Amino acid sequence: MQVNLLEFWPKILQAINETLIMVGVSLVVAALIGIPLGIALVVTRHGGLLQNSAFFKGLSVVINFFRSIPFIILLVAILPLTRFLVGTSIGTAAAVVPLVLFSGPYIARLVESSLMEVKPGVVEAAEAMGASPWQIILRVYVPEALSSIVLNLTIATIGLVGASAMAGFVGGGGLGDLAIAYGYQRFETDIMIVTVLLLVLLVQIVQTLGNVLSKKMRRQ
Amino acid sequence: MIQFENVSKVYEHNGKELRAVDGVDISIEKGEIFGVIGFSGAGKSTLVRLVNLLEQPSGGNILVEEDDLSRLSKPGLRKMRKRIGMIFQHFNLLESKTVLHNVAFPLIISGTPKKKIKARVEEVLDFVGLSDKAHQYPEELSGGQKQRVGIARALVTSPDILLCDEATSALDPETTKSILQLLKRVRDEYNLTILMITHEMNAVREVCDRVAVMENGQVIEQGSIFELFSNPQHPTTKNFIQSVMESDIPPSILSGIEERGGGRHVYRVTFVREKAAQPIFSQVAKNYQVEVNVLFGQITELQGIPFGQLVVELLGEDREIVRALDYIQRTVSVQEVEADAG
Ligand SMILES: Nc1ncnc2c1ncn2[C@@H]1O[C@H](COP(=O)(O)OP(=O)(O)OP(=O)(O)O)[C@@H](O)[C@H]1O
Ligand SMILES: [Mg+2]
Numbered sequence: 001m002q003v004n005l006l007e008f009w010p011k012i013l014q015a016i017n018e019t020l021i022m023v024g025v026s027l028v029v030a031a032l033i034g035i036p037l038g039i040a041l042v043v044t045r046h047g048g049l050l051q052n053s054a055f056f057k058g059l060s061v062v063i064n065f066f067r068s069i070p071f072i073i074l075l076v077a078i079l080p081l082t083r084f085l086v087g088t089s090i091g092t093a094a095a096v097v098p099l100v101l102f103s104g105p106y107i108a109r110l111v112e113s114s115l116m117e118v119k120p121g122v123v124e125a126a127e128a129m130g131a132s133p134w135q136i137i138l139r140v141y142v143p144e145a146l147s148s149i150v151l152n153l154t155i156a157t158i159g160l161v162g163a164s165a166m167a168g169f170v171g172g173g174g175l176g177d178l179a180i181a182y183g184y185q186r187f188e189t190d191i192m193i194v195t196v197l198l199l200v201l202l203v204q205i206v207q208t209l210g211n212v213l214s215k216k217m218r219r220q
Numbered sequence: 001m002i003q004f005e006n007v008s009k010v011y012e013h014n015g016k017e018l019r020a021v022d023g024v025d026i027s028i029e030k031g032e033i034f035g036v037i038g039f040s041g042a043g044k045s046t047l048v049r050l051v052n053l054l055e056q057p058s059g060g061n062i063l064v065e066e067d068d069l070s071r072l073s074k075p076g077l078r079k080m081r082k083r084i085g086m087i088f089q090h091f092n093l094l095e096s097k098t099v100l101h102n103v104a105f106p107l108i109i110s111g112t113p114k115k116k117i118k119a120r121v122e123e124v125l126d127f128v129g130l131s132d133k134a135h136q137y138p139e140e141l142s143g144g145q146k147q148r149v150g151i152a153r154a155l156v157t158s159p160d161i162l163l164c165d166e167a168t169s170a171l172d173p174e175t176t177k178s179i180l181q182l183l184k185r186v187r188d189e190y191n192l193t194i195l196m197i198t199h200e201m202n203a204v205r206e207v208c209d210r211v212a213v214m215e216n217g218q219v220i221e222q223g224s225i226f227e228l229f230s231n232p233q234h235p236t237t238k239n240f241i242q243s244v245m246e247s248d249i250p251p252s253i254l255s256g257i258e259e260r261g262g263g264r265h266v267y268r269v270t271f272v273r274e275k276a277a278q279p280i281f282s283q284v285a286k287n288y289q290v291e292v293n294v295l296f297g298q299i300t301e302l303q304g305i306p307f308g309q310l311v312v313e314l315l316g317e318d319r320e321i322v323r324a325l326d327y328i329q330r331t332v333s334v335q336e337v338e339a340d341a342g
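So the protein lines, in turn, are chains A and B.
If you're matching positions, the first sequence starts at 1 in full-length UniProt numbering and goes up one per residue.
If you're matching positions, the second sequence starts at 1 in full-length UniProt numbering and goes up one per residue.
These are calculated hints, taken from the structure and not from any lab test.
Just so it is clear, the structure is predicted and the values come from calculations on it, not from any experiment.
Glycine included, each C-beta is placed from N, C-alpha and C at the ideal position.
One should not assume that every hint holds.
What the hints assert, rightly or not - Facing chain B, a subset of chain A residues (Cβ under 7 Å, in silico):
1) T44
2) R45
3) G48
4) L50
5) G130
6) A131
7) P133
8) L138
9) P143
10) E144
To be verified - Residues from chain A that keep clear of chain B, each with C-beta distances beyond 10 Å, as calculated:
11) L37
12) H46
13) L74
14) T88
15) G91
16) V122
17) S132
18) Y184
19) D190
As the list claims (entries may be wrong) - Short, incomplete list of chain A residues facing chain B, as computed with Cβ under 7 Å:
20) A125
21) M129
22) Q135
23) A181
24) G183
25) S214
26) R219
So here's chain A without its partners, still in its complex pose:
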């Protein structure tokens, strides 16, 4: 058993690396998509800063659409798109595409709910001061909601860790892949336990970091 683990250590390191890349890259791209969409949902809704009911409803339907597809199906269903975007449908880079499609819309909803917590009175005060819609978004909505957005992004990140384990299925690699390939398919139980423990550790670290960062953002 000891020998076994030592033997597998390089594989585990590589898997950690793959997981971190998958989660990190997907998170950044999904946040870049999800945050603006979340803002758009808030400002275009009825009574919003840039009210536009048609846009709001359209966007809402699209987001709901992606949110309703189970990740495992999304993973397979968009293989052609993945191939088109990254040139291949297997490997870590290929896994990023479904992960982004999975968590981008999720982040949009999370950011929307964070922004909705900003007191309307504060927004109104800024309007009364003659702030433009953009100034209100960047200087009122975002800073006031930042602490909550960070907490919600933490939730999204942990969701991504879980999803990335499934992405191993399309050859994305990572800890989840390792656990399934050795632990499940080859009955190497101790490898599975180690990888699962590593995933637990990763989630703990992400949540702790998120909490600390969120607290910092309460006072800028």
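We have chain A; now place chain B with the ligands onto it with these hints.
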């Protein structure tokens, strides 16, 4: 300075129309503190929000220094809004930013250079007495201090007008008093025009020059605060005044007047400031063949000036009473009290 001309605001609600503001005519002079008082739902908040176009009027005109805001372009409106400060019942400060940043906010969005911002923010924080709190966060402040930050933020752009929507309603009486005094200082030192919304007659009594009473979206009565206190017309107005001063004659005294039968001469004498009634009545007693019998009376303060009402009965011959009344009326306001009126 601010002119409402037949202004209305109608909300559609489930197909039904709700006239939140209904045909309001008010003219507010420069440098004046104008109060609008009314019960909850009277339309007061809607009325102030029409001034800086947070709400679009459904009818009528609102002129701010001759400008009709609803005709301005969006950038034009934003520019105009920078000249109209506003403070709120719940302060509406940015919780994630320091006091300094909150107060600087209107200047930041105007693109004012940093150095200028710093100097100006220090100036207004000093004015509201919060220089030592610059680096604290709103949640570390008391309600009164938060409102001072709100006032500093509203003043930082040197506006011409200050709109206050229930600015003291979330504060205790002592703090309310200090905030009202601060608003008065704002007017006196910066010559601002202040439109103040409240449901507290105390606040009006303390600082307003003139006041309008609102009910169901309409202004039911308006005038100088002395006019309103000495001679309220509408039951709602009387109600508000009663909250700080008993304006009706107690029933026991009224029935006493009735019992004495015809030929009574009962008057309500309203006096202000140094024209205290007492010396006048002793003069009357000395110079005319009339006896003065005080039935009921009370004194309060309007803007720090004593203001009182006495209900007196004059006893004597009719001719003497007429002469005495004439004398009294030269210095203070007198109304005859009908036995059944009150
Ligand atoms: N956005 C809105 N949509 C529909 N109705 C509204 C809206 N804003 C206000 N109203 C209605 O207009 C009326 C006047 O409201 P307003 O807030 O001006 O009253 P108020 O005098 O400020 O009351 P309060 O003392 O409770 O603040 C109320 O009946 C209210 O329900
Ligand atoms: Mg109100």
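Hint check:
1. T44: violated (17 Å)
2. R45: Nearest chain B Cβ about 18 Å off; hint violated.
3. G48: violated (14 Å)
4. L50: This interface hint is violated because 11 Å lies over the 7 Å limit.
5. G130: This interface hint holds because 4 Å falls under the 7 Å limit.
6. A131: This hint holds: A:A131 lies near chain B, its Cβ roughly 5 Å from the closest one there, short of 7 Å.
7. P133: Where the cut-off is 7 Å and the nearest Cβ of chain B is about 9 Å from A:P133, the hint is violated.
8. L138: violated (10 Å)
9. P143: holds (5 Å)
10. E144: holds (5 Å)
11. L37: holds (22 Å)
12. H46: At roughly 13 Å from the nearest Cβ of chain B, A:H46 sits farther out than 10 Å, so the non-interface label holds.
13. L74: holds (36 Å)
14. T88: Nearest chain B Cβ is 44 Å from A:T88, so the label holds.
15. G91: holds (41 Å)
16. V122: Incorrect as stated: the minimum Cβ-Cβ distance to chain B is 5 Å, not above 10 Å.
17. S132: A:S132 is in fact no farther than 10 Å from some Cβ atom of chain B, at 6 Å.
18. Y184: holds (46 Å)
19. D190: It holds; A:D190 is separated from chain B by about 47 Å at its closest Cβ, greater than 10 Å.
20. A125: holds (4 Å)
21. M129: The hint holds - A:M129 has a Cβ within 7 Å of chain B, the shortest such distance being about 5 Å.
22. Q135: Since the shortest Cβ distance to chain B is 5 Å, the answer is holds.
23. A181: At about 46 Å, which exceeds the 7 Å cut-off, the nearest Cβ of chain B leaves the hint on A:A181 violated.
24. G183: Status violated, d = 45 Å.
25. S214: violated (11 Å)
26. R219: holds (5 Å)
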